[in-house]
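Chain A is fixed; fit chain B onto it per the hints.
Line by line, the protein sequences are chains A and B. With the numbering used here applied, the first sequence covers 1 to 134. With the numbering used here applied, the second sequence covers 1001 to 1399.
Think of the hints as simulated: they come from the structure by calculation, not from any bench. Among these hints, one or two may not hold up.
Claimed, not checked - Below, in silico cross-link-like pairs of lysine-lysine (DSS-like), each with a Cα-Cα straight-line distance of 30 Å or less:
| no. | chain 1 | residue 1 | chain 2 | residue 2 |
| --- | --- | --- | --- | --- |
| 1 | B | 1179 | A | 114 |
| 2 | A | 104 | A | 3 |
| 3 | A | 104 | B | 1344 |
| 4 | B | 1344 | B | 1031 |
| 5 | A | 128 | B | 1307 |
| 6 | B | 1035 | B | 1016 |
| 7 | B | 1307 | A | 103 |
Just so we're clear, the structure is a prediction, and the values are computed from it rather than from any experiment.
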Amino acid sequence: MEKKYVLHFPRTLVDKPIMSDLVKKYNLDFNILKAYVTPEEEGTLVLALQGEGENVDAAVKNLRGMGVRVQSLSSDIRMIRELCTDCTACIPLCPVGALYQDKKDLSVIFDPDKCITCGICIRACPTKAMELTI
Amino acid sequence: MEKTIAEINKKIKEGKAVVVTAEEIVDLAKKQDIKKLAREIDIVTTGTFGPMCSSGVFLNLGHSNPRIKAGGGKIYLNGVPAYAGLAAVDTYIGAAATPENDPRNSEHPGSFKYGGGHVIEDLAAGKEVTLEINAYGTDCYPRRGVSTRIRLKDVNEAILFNPRNCYQNYNVAVNLSKKTIYTYMGILRPEMGNANYCSAGQLSPLLKDPYLKTIGFGTRIFLGGGTGYVAWWGTQYNPGVKRTEDGVPTAGSATLALIGDLKQMNSRYIKGASLTGYGTSLIVGIGIPIPVLNEEILRWTAIPDEKIYAPVVDYSNDYPNCTGKILGELNYAQLKSGRVEILKKEVPTGSLSSYRTAREIADTLKKWITEGSFLLTESIFSFPGPESGYRFKPMKGGR
Chain A
1 MEKKYVLHFP RTLVDKPIMS DLVKKYNLDF NILKAYVTPE EEGTLVLALQ
51 GEGENVDAAV KNLRGMGVRV QSLSSDIRMI RELCTDCTAC IPLCPVGALY
101 QDKKDLSVIF DPDKCITCGI CIRACPTKAM ELTI
Chain B
1001 MEKTIAEINK KIKEGKAVVV TAEEIVDLAK KQDIKKLARE IDIVTTGTFG
1051 PMCSSGVFLN LGHSNPRIKA GGGKIYLNGV PAYAGLAAVD TYIGAAATPE
1101 NDPRNSEHPG SFKYGGGHVI EDLAAGKEVT LEINAYGTDC YPRRGVSTRI
1151 RLKDVNEAIL FNPRNCYQNY NVAVNLSKKT IYTYMGILRP EMGNANYCSA
1201 GQLSPLLKDP YLKTIGFGTR IFLGGGTGYV AWWGTQYNPG VKRTEDGVPT
1251 AGSATLALIG DLKQMNSRYI KGASLTGYGT SLIVGIGIPI PVLNEEILRW
1301 TAIPDEKIYA PVVDYSNDYP NCTGKILGEL NYAQLKSGRV EILKKEVPTG
1351 SLSSYRTARE IADTLKKWIT EGSFLLTESI FSFPGPESGY RFKPMKGGR
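Isolated chain A (complex conformation) (with noise of 0.2 Å):
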């Protein structure tokens, strides 16, 4: 099975060899689909990891037992329409380009196949127009 997850690293993390445990200890696979370094200088890195579903399943608990907050990419961003004014303080912090404003009505305009899950741009949003959904 494959099963997508957004791990974010806690900068205490970042020299572990978290990596090599997936393949040596728990016989899994993994492809990076992205991999960034956010503004509050904490790693993330976006993985497919392909496997035994137990195995999948129990890697995942060990990195979250190691500090490591894992999400599942079943949990998506979304846009709520209606709550965006369109003013556009989102889009320069969006590390994916995964908002953008489209230049001739001007609307701030939302690509969730672009988007790697990272949440700053809930922060950013003044009036709430993006959540997490799962």
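Chain B alone, transformed into the frame defined by chain A:
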């Protein structure tokens, strides 16, 4: 060739007034003769839609039976404290008011989910809000407590009165430090990761009448979807700042105090705001009509984004410590492009003020005037100009 407001109003009533928005006049002036445009165009409409904490609403709640004297006690609307320093059932709820049990920034950055600005939005939207009053009781106002639910239609008066709105130009905020900061100008990433501005630029009311020649006490305006009035010059009014050759201030300068009936307003243009790590605010929709009384006024209304400059300020040090230092100036065409260069670094930009909604407001005001439902007022007196020496002072003993 001078026009008067009375002549323009006559044309509005006859359905003959020529109205354009401040965005449309910028394009027209690039192609056509200014003198001809000044003769033909009667009114230029402007608009802005940005957060402004210095906003709030006076309410008269009506009397309970038996009577209660909230003045000197405590008043809460949806748990948000309102001012209890007026008569028995008069109060003022300010945009930045925060519930007493809100964690604020104890876990930085606080999210400030609900505050005075949201109460005002909920009232404008016709939603029910809880009202709680604690009082000490008097012979004529014996009751000690009230807990009820009210809507905007249930109160007697609901007067939006904003001591400071409609800033004429504003800072561009950046962060030169090494950690993210959370400000009223939004989230600012370290080492100039982004630059945030907050003005509609070429659509913004006071940038199109830079010396406030037509805007003064009593000017009728679009306010929150209803009609309102300019009630005074705004707090922190500072007309003496540096100006471009067109007369446009290159920093925050004039401001306006505004008044209007909340019962006429529309929650599309009166919105509560939560600024992470900072607090709550109110986003207020404002549109001001500028009568084209002469060629000089038309020239000002036609000033484009390219000629309106804003100062870039470091909010990690220079802003909090009032150093007065600016890192440079950028015009609104550059800012609206989404990318600017500051100190030789390319920086993405964001705006706290919605240009799209500003455009919608200027269009709506244009429609009201064209339809004959909005007439202009003559201002009763003008506000201090740059020659007056009026200035914005720091706090005495605050150093």
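Each hint tested on the structure:
no.: 1; hint: 1179(B) with 114(A); in the structure: holds, 26 Å
no.: 2; hint: 104(A) with 3(A); in the structure: violated, 38 Å
no.: 3; hint: 104(A) with 1344(B); in the structure: holds, 29 Å
no.: 4; hint: 1344(B) with 1031(B); in the structure: violated, 34 Å
no.: 5; hint: 128(A) with 1307(B); in the structure: violated, 34 Å
no.: 6; hint: 1035(B) with 1016(B); in the structure: holds, 19 Å
no.: 7; hint: 1307(B) with 103(A); in the structure: holds, 21 Å
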